[in-house]
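There are 2 protein chains.
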Amino acid sequence: MTPSPVKNPTDAELRILHVLWRHGPCTVRDVHTELSREGALVGYTTILKLMQIMAEKGLVVRDDSARAHIFRAVPSEETAQNSLMNDLLKRAFDGSAQKLVMHALETHKASPEDRAEIRRLLDALERENT
Amino acid sequence: MTPSPVKNPTDAELRILHVLWRHGPCTVRDVHTELSREGALVGYTTILKLMQIMAEKGLVVRDDSARAHIFRAVPSEETAQNSLMNDLLKRAFDGSAQKLVMHALETHKASPEDRAEIRRLLDALERENT
DNA sequence: TGACAACTACGAAGGTCTTCGTATATAATA
DNA sequence: TATTATATACGAAGACCTTCGTAGTTGTCA
Numbered sequence: 018m019t020p021s022p023v024k025n026p027t028d029a030e031l032r033i034l035h036v037l038w039r040h041g042p043c044t045v046r047d048v049h050t051e052l053s054r055e056g057a058l059v060g061y062t063t064i065l066k067l068m069q070i071m072a073e074k075g076l077v078v079r080d081d082s083a084r085a086h087i088f089r090a091v092p093s094e095e096t097a098q099n100s101l102m103n104d105l106l107k108r109a110f111d112g113s114a115q116k117l118v119m120h121a122l123e124t125h126k127a128s129p130e131d132r133a134e135i136r137r138l139l140d141a142l143e144r145e146n147t
Numbered sequence: 018m019t020p021s022p023v024k025n026p027t028d029a030e031l032r033i034l035h036v037l038w039r040h041g042p043c044t045v046r047d048v049h050t051e052l053s054r055e056g057a058l059v060g061y062t063t064i065l066k067l068m069q070i071m072a073e074k075g076l077v078v079r080d081d082s083a084r085a086h087i088f089r090a091v092p093s094e095e096t097a098q099n100s101l102m103n104d105l106l107k108r109a110f111d112g113s114a115q116k117l118v119m120h121a122l123e124t125h126k127a128s129p130e131d132r133a134e135i136r137r138l139l140d141a142l143e144r145e146n147t
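Quick note, the sequences are listed as chains A and B, same order. Residues 18 to 147 (my numbering) make up the first sequence, in order. Residues 18 to 147 (my numbering) make up the second sequence, in order.
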């Protein structure tokens, strides 16, 4: 089963993970600078506190060999996406990924290229499965 | 634009909305009985309090003409699903429904019937759009 | 070396969510 | 009518999330 080794990241945690995913291991300063550059106005110690909590939760690991600790994301972006998607599935779509997919396709315009990509994936699934 | 007339329902609120969607307008007693039957062990006044808050938020409307007020869900299940899905899209999928669909199809087994249903929907989209 | 800059740790405040106990009002019943 | 059952209202507690200020430590450099 293994529901999930780590708890689902919260909103603020997700913003930090995004930085780590895009930039690789970072110091608190790096993350704060990047988020500020993106327009978020949040204090340095706020980011620090959050990253400390994330380390306790196991969402990041810290390398404290240098004075400025370096943090690395533990879950990959795919893993986190999967976990969050499953959460939504359970809460709002009766656990059915099919319902979610149909709902997404009906309510969001997919470009011809997008549709072709989906068809290719379906073809591949068709081949590997019976 | 109209981001959303009502705030996204929380977890406990969603559980109550599920009952209202499936059973139609209900009293607090109805909802509590149903949720208890489903295995949730939560007190009657907890449900009452939640439904009072939901009425304030506009998630339900109440008919207080009888002693036992009757509550009705305001957002449809589709509306709520849409709102929650868009929220997840923004938070974890870079706002791209396409990414979400691809991710869902890759990580969840779709049956041949499911795949056929998706293809039919894609065909329909193909026809109406260029 | 002494002053300053940058870092981590920590406590606490304010918000939301969920839970329930208690108070109070109203209907049903013996 | 007096008692009992059932309603709603309300306050508050405990958990979590996000925010920041302050304190203390460590490196840098004039």
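Among these hints, one or two may not hold up.
Each pair may be met inside one copy or between any two copies, as identical chains are not told apart.
[Stated by the list, open to error] With a Cα cut of at most 25 Å, we get these calculated DSS-like pairs of lysine-lysine: (1) K74 to K126; (2) K116 to K74; (3) K126 to K66; (4) K116 to K66; (5) K66 to K24; (6) K24 to K74; (7) K116 to K126; (8) K74 to K107; (9) K107 to K24.
To be clear, the hints were calculated from the coordinates, so they are not data collected in a lab. Values in this document were obtained by computation on a predicted structure and should not be read as measured data.
These are the hints, each one checked on the structure:
For a Cα distance limit of 25 Å, the shortest separation of K74 from K126 qualifies neither inside one copy, at 38 Å, nor across copies, at 30 Å. In this homomeric assembly, K116 and K74 never come within 25 Å of each other (Cα to Cα): the closest approach is 32 Å inside a single copy and 27 Å across copies. Taking CA atoms no more than 25 Å apart as the test, K126 paired with K66 passes in neither setting, with 40 Å inside one copy and 39 Å between copies. Taking the closest pair of Cα atoms, K116 and K66 never come within 25 Å of each other, the shortest separation being 38 Å inside a single copy and 31 Å across copies.
When the C-alpha separation of K66 and K24 is checked against a cutoff of 25 Å, the pair qualifies only within one copy, where the shortest distance is 17 Å, while the shortest distance between copies is 28 Å. In this homomeric assembly, K24 and K74 come within 25 Å of each other (Cα to Cα) only inside a single copy, at 7 Å, whereas the closest approach across copies is 28 Å. For the homomeric pair K116 and K126, the shortest alpha-carbon distances inside one copy (17 Å) and between copies (13 Å) are both at most 25 Å. Within a single copy, K74 and K107 get their C-alpha atoms as close as 23 Å, and across copies as close as 24 Å, so both meet the 25 Å cut-off.
When the C-alpha separation of K107 and K24 is checked against a cutoff of 25 Å, the pair qualifies both within a copy, at 15 Å, and between copies, at 20 Å.
Violated hints, listed in ascending order, are 1, 2, 3 and 4; each of the other numbered hints is respected by the structure.
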